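Colleague: One letter stands for each residue in the lines below.
Number of protein chains: 4
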Amino acid sequence: MNLLPANVRAMLESLRERAISTDFAARLLGNTTPPARRLRPRQTTDAESVAGFWARLREDGCADDAVQAELADAAAIERAEVYGANIENYIGTVKIPVGLIGPLRVNGLNAAGDYFVPMATSEAALVASYGRGAELVSAAGGVTAAVVQEGVLRTPAFVFDNMLTCGLFVNWVADNTDALKAAAETTTRYGKLISIEPFMDVNVVFLLCRYSTGDAAGQNMVTVATEAMCRYIVENMPVPAVHWFIEANFSGDKKASYLGLQTGRGRKVTASVTVPYDLLRKYLRADPQKMLAYGQVAGLGAVLSGQLGAQAHYANGLAAVYLATGQDAACVSESAVGFTRMEPRDNALFFSVTMPNILVGSVGGGTGLPSQSAALSIMGLKGAGKAAALAEVTAAVCLCGEISIIAAIASGHFTRAHQKLARFR
Amino acid sequence: MNLLPANVRAMLESLRERAISTDFAARLLGNTTPPARRLRPRQTTDAESVAGFWARLREDGCADDAVQAELADAAAIERAEVYGANIENYIGTVKIPVGLIGPLRVNGLNAAGDYFVPMATSEAALVASYGRGAELVSAAGGVTAAVVQEGVLRTPAFVFDNMLTCGLFVNWVADNTDALKAAAETTTRYGKLISIEPFMDVNVVFLLCRYSTGDAAGQNMVTVATEAMCRYIVENMPVPAVHWFIEANFSGDKKASYLGLQTGRGRKVTASVTVPYDLLRKYLRADPQKMLAYGQVAGLGAVLSGQLGAQAHYANGLAAVYLATGQDAACVSESAVGFTRMEPRDNALFFSVTMPNILVGSVGGGTGLPSQSAALSIMGLKGAGKAAALAEVTAAVCLCGEISIIAAIASGHFTRAHQKLARFR
Amino acid sequence: MNLLPANVRAMLESLRERAISTDFAARLLGNTTPPARRLRPRQTTDAESVAGFWARLREDGCADDAVQAELADAAAIERAEVYGANIENYIGTVKIPVGLIGPLRVNGLNAAGDYFVPMATSEAALVASYGRGAELVSAAGGVTAAVVQEGVLRTPAFVFDNMLTCGLFVNWVADNTDALKAAAETTTRYGKLISIEPFMDVNVVFLLCRYSTGDAAGQNMVTVATEAMCRYIVENMPVPAVHWFIEANFSGDKKASYLGLQTGRGRKVTASVTVPYDLLRKYLRADPQKMLAYGQVAGLGAVLSGQLGAQAHYANGLAAVYLATGQDAACVSESAVGFTRMEPRDNALFFSVTMPNILVGSVGGGTGLPSQSAALSIMGLKGAGKAAALAEVTAAVCLCGEISIIAAIASGHFTRAHQKLARFR
Amino acid sequence: MNLLPANVRAMLESLRERAISTDFAARLLGNTTPPARRLRPRQTTDAESVAGFWARLREDGCADDAVQAELADAAAIERAEVYGANIENYIGTVKIPVGLIGPLRVNGLNAAGDYFVPMATSEAALVASYGRGAELVSAAGGVTAAVVQEGVLRTPAFVFDNMLTCGLFVNWVADNTDALKAAAETTTRYGKLISIEPFMDVNVVFLLCRYSTGDAAGQNMVTVATEAMCRYIVENMPVPAVHWFIEANFSGDKKASYLGLQTGRGRKVTASVTVPYDLLRKYLRADPQKMLAYGQVAGLGAVLSGQLGAQAHYANGLAAVYLATGQDAACVSESAVGFTRMEPRDNALFFSVTMPNILVGSVGGGTGLPSQSAALSIMGLKGAGKAAALAEVTAAVCLCGEISIIAAIASGHFTRAHQKLARFR
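Protein chains in written order, with the working numbering: chain A, 73 to 497; chain B, 73 to 497; chain C, 73 to 497; chain D, 73 to 497.
The shape of chain A in the complex, shown without the other chains (with noise of 0.2 Å):
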């Protein structure tokens, strides 16, 4: 009997047959031929630069006439010094497709009314599992929503020599919070340094500091105010650090993490409806009893796989609306974490998420861009004092998507739609 995993067999398998026709070794060990020419960065970004970049490219053999005009179009060229305030070495545009879903009725602390959510996705099936979903909580009555909780995380770090040292720094800070609190908030007009955690192992001490952001996701914004607490704390700290960095690994930025799911980083949002059994068969064609047994069976493997948290897919609707509405994608990684409930009530289906790393703005970063500006437009939630608004639609959003795919995968439709909508692929 083969001790090792059938999948472990089967990639060196794969890889035994290719071995007769490829020598690995020269392969991984290296590659002498000299140095590839370095790529010359352009000091400003404009339609020259990015004609430069392209020349470059051809030369190479990397690029020809119709993979640079799907690029760099005519739009992407004019507009090239907008798009250069967000990017480096730009060479154009990538276009994503957007689908629109709503009305979707949002009763929120911040948001309130009928909102059509454009999201931007290349994958089939998304959006019109996440319009189904949208229609059903609106005809229940719509999504309550509140943003309860906010504090955008930066975490920076001061290596002592010894635990003592280390202790008295900690003693300093907590008699110089608002020193501190001053200096951070020197930087920047919006943003509110709120509170302050050391964290201490020997003779290290991170301090988680969260700030309030206005309408801005505002990780750029703790970055600098942080800076400026820190270059505060250096200049006056009674006993001197070994070491001292802006972040250290801890605040969850761009990664999920326990304590992004437990103490949130940007916006918490909790949004929930409940929905008629009648409902739920119309709309979705579902059996509200199956997707209670599929609730059981999915909390189960949530937390048997490890998640962070249980839910079945905000991935899809945080990428989409971030994509959209120009935040920062990456930030999927961090926001996709929470707690997705279901819980039967009189003759109907209670459903509720709760998400506690929302990092959307309605003001910065990416949604300043040309589209991304007009998808923002259509929503009602363009520019200042919007942002918290934005959060909890994003979080309606996630509520519908997992509804839609609970009845999809209770109902046995999931596969279904998808072989359906992405049958011309």
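Just so you know, these hints were derived from the structure itself, not from any lab. Warning: the hint list may mix true and false statements.
One copy or any two copies: either way a pair holds, since identical chains are not told apart in the list.
[Claimed, not checked] Cut-off 20 Å, straight-line C-alpha distance, at most; resulting in silico cross-link-like pairs (EDC-like, lysine to aspartate or glutamate):
1. K362 to D233
2. K362 to E415
3. K362 to D418
4. K253 to E307
Bear in mind the structure is a predicted one, so any value in this text is a computation, not a measurement.
Fit chains B, C and D to the known structure of chain A by using the hints.
Modeller: Just chains B, C and D now, with coordinates in the frame of chain A:
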């Protein structure tokens, strides 16, 4: 002394201020206005269907000419049918700026050569940071990389009356793996069912089905194949199941999970480079000792904050490459886990990333969309036979990003880079 | 507003108060008094060696007659040589009180019958609570239980120069599993190496070696077998390893881990019972609906607090059974993970536990010590052929504890039970 | 190729072999023999009650003279009433052998001096290994240690009709923390409610109540105090709760959790020592470079196997100290998480442990039992004012164990030590 955390108090204060002017009860407890008019779905996706959706948006006051023009530009309308294969309720495209890095030398089992890599993002400083890393590692001889494992999971569950029937079913599965494999593989030319792992909890069995998926990312492929396998099971099993579900939330699909960290979903790539101290100083103006000191603190931060694995910001590189090349951006949630190492060698630093969940295809999904296909062409990784190489290049890009951010934070350049490059916003 | 958490402020306040009278710097920065005299080890364990240790303790003012008498009572001295096989520097025994529950009916693959279970603990109310559960489940027909998986892990690692040599090693392992198995099994009559899973990170390979260990818990057995396997590897491998280590902190030995939750270490037992509502009311004075309501909240708490699995207090039952029966109490750390379910059935509640890491033996370790051996005798589970049944009874005990605590918390009896039974202290 | 994992196949094979002689269906589906006779509880614990239980055991054939004598020896019977305060259905005591290590020098905020530490275990080699570590760190000047945080959690939950009433409740809590603190503290002279953190999920609020508990471990104390607080809440809250529960499975009580790793439960202790290379060579025959190499691999293993934190075997030291000193052995499950560091210094290695969940008392629980009280006396840590020092010594012991095992594994002595010391078994 107030016993509540400061951020909770800050939130409550801001809500209390707003409560003066807002009736929260009225907002949360519902909206009795009649439901908004339903969005009429269109049977086909074409210029007319696009126009129809915009007509509705304008009617409802959600769009004007300018907004429509940004999403539904001439190219977007002209190609409505092309995009229609990847999305429903199509209304146009969102344009994400693309920056270029490279040439990035990769010495991989599958990727071999100097690659230009297009990255799509709206986060200033990101492309510059990855570009610096790429220049450095190429000067150091390139990134060694290998796909060491593959397998996209789909995890159906079968629910039985009791433990005995459940056990009998597992026994039957063990005797019928050939038939199950055959049933799954009838649906696909490229997908291979390479292992089945039963996981039992009293009366529930999850079957962890792992597939190789050829050059496609394979998420739909494995769903369709597993559906066929399940239908075979249901028709032939010796004891009837009370319920069965095509996916029991165990596979890690669209979410970070420990199962993914440990056994992988998609391709597991391991990539490394050893960089002499003088190159670190020259290209990144970084002090290697300071980088090592940071590495210790960052490792502590990773573990204590509850990451899955330990890394800095895979998500940034992943999202930018996934978006540019037409991969599923939602998969950033599951792909952005793994382990980054940095170790001292003889006057050099060894760096590596191991990423167990890279989900990329060189065919299928969004890879065939016009601009995405163009981006793959630039890399020379479009079409059949290229997915493994694309996975290795993706990991190499993430390695560049890890080195670059570690150097920037250790050297105190991190904030400055963001302030400078994001200065126009 | 103070930005620090209230508990941090409370701690700092108390330290500041103490700082008036204590020189923290002097305390933490060291102790320049000459080192204390070394404790002289004894070659043998017998009455004389015991006396020697006590002489030293008395000399140093750490013990008097009364203290000595409690640990080094006549029986403890008389059996010094017996205990000496299980411990070094033996000075006597600590006495833990044992309570009895049962008869607990178990309908298991391996355990079948009505068991009296001795539980060792010093926590008042614990035995009473488990006893109530045992009475209930027995009245409901008994606990169904099965060992569904087994395998004690040991995970050596091999470190290579680079990815290529590392890959070649994995390839060699794949071709030599029979020889590896043979080498491992030369050291043991009972242990069987049942699977080897290689896990690769650039130049490091972990070999996850899984053993069945007969009727022993098997932690030493797998270490000795793996050492032999590693020595075979080192002598025969085609490429030399830079380092190798018998255990690379991957096996989950003595700690909770996701690997343990998912693949198990020791025996995986799944156990369940269905209890009619009227029995719940009669034996536990509990309202089943209230229990279900609690189950939903407790499931949420489990996930959001970041448990490995979801359960209430396996550790209590495990520790009490492990201690009474001579198992390794430190293994409670790894055993106390799993999943407890509670689901409504027809006028009844279904309860189950699935515990993937039960590490018990009916031979070896502390099971041969006099009082521990007596406790195993009470259960009828002493000696060869009984370990699997012991694992099933252990899981059944934990199931009793889960039902009992859920009922107590749901019904508001939890605190009262503790107040009443701990009243004498 | 068989697609199932080898360990699954091995298990199925062994079950199939047994199935020839065993009717699994009959075993699992129940036992229709009449229920066994109930165990009659006794109102008091004394020699007579002990005799009563043994009479029943003998009647049922579960015990004979020899078995009874081992558990119910003269001392156990004589002190039945003493033990009866800590247990129900008392039938005697189990004797765990105790070994001595020390003198262990601790330079702590609370512990200061040279400590002899009794450790109770039945695992051969354990005491010897910790003893070697203790000798080494003392020779290096002792372990620096500090309790840096404290707080035992109890986490009641309140369930409301909807998000609005739930939010109003949180708002009310914020205004009434003084009253809540007062209500909780009426029940205890020593316990102090030091912080309350509300955690909201739609209509459910968990209140994370953190207490300092004086010199007791405090698990019962915080339950009783929280019950009083909850009763105050229920009587005074402005909106009625649908349900409330004293503990919502959120506190990490008796289980490893991320919440515990991050915010601690009990006392958080950080302890370190810097050991010159020559001492490592002399006392442990270890090569420091090899230890560092092992540290890198072990850190990788810790993260990839999904530990909470990263450490080697805290559980061994914790269990042995907890058992000897009358702590709750079940708490090993929650205490055995944290972070061990090893870093090169100038010709020396720095080692540290940070253990956020040490749950020890110098009064209360099992600390007053005769032999346990004697063990505390040996350490000089019995009674009021000693719990913090006991926590620091416990962490120092675990640090000794970490150093010792790292050296043993890195040097290849690990297996030999176990083989030699466990040789008699």
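Colleague: Hint by hint, note whether the structure agrees.
Modeller: Right, here's what the structure says about each hint:
Taking the shortest alpha-carbon separations for K362 and D233, only the inter-copy value of 15 Å comes in at or below 20 Å, while the best intra-copy value is 60 Å. Taking CA atoms no more than 20 Å apart as the test, K362 paired with E415 passes in both settings, with 12 Å inside one copy and 14 Å between copies. Proximity of K362 to D418 under the C-alpha cut-off of 20 Å is found in both arrangements, the shortest distances being 16 Å within a copy and 16 Å between copies. In this assembly of identical chains, K253 and E307 lie within 20 Å of each other by CA distance solely inside one copy; the values are 15 Å within and 39 Å between copies.
In summary, this structure violates none of the numbered hints.
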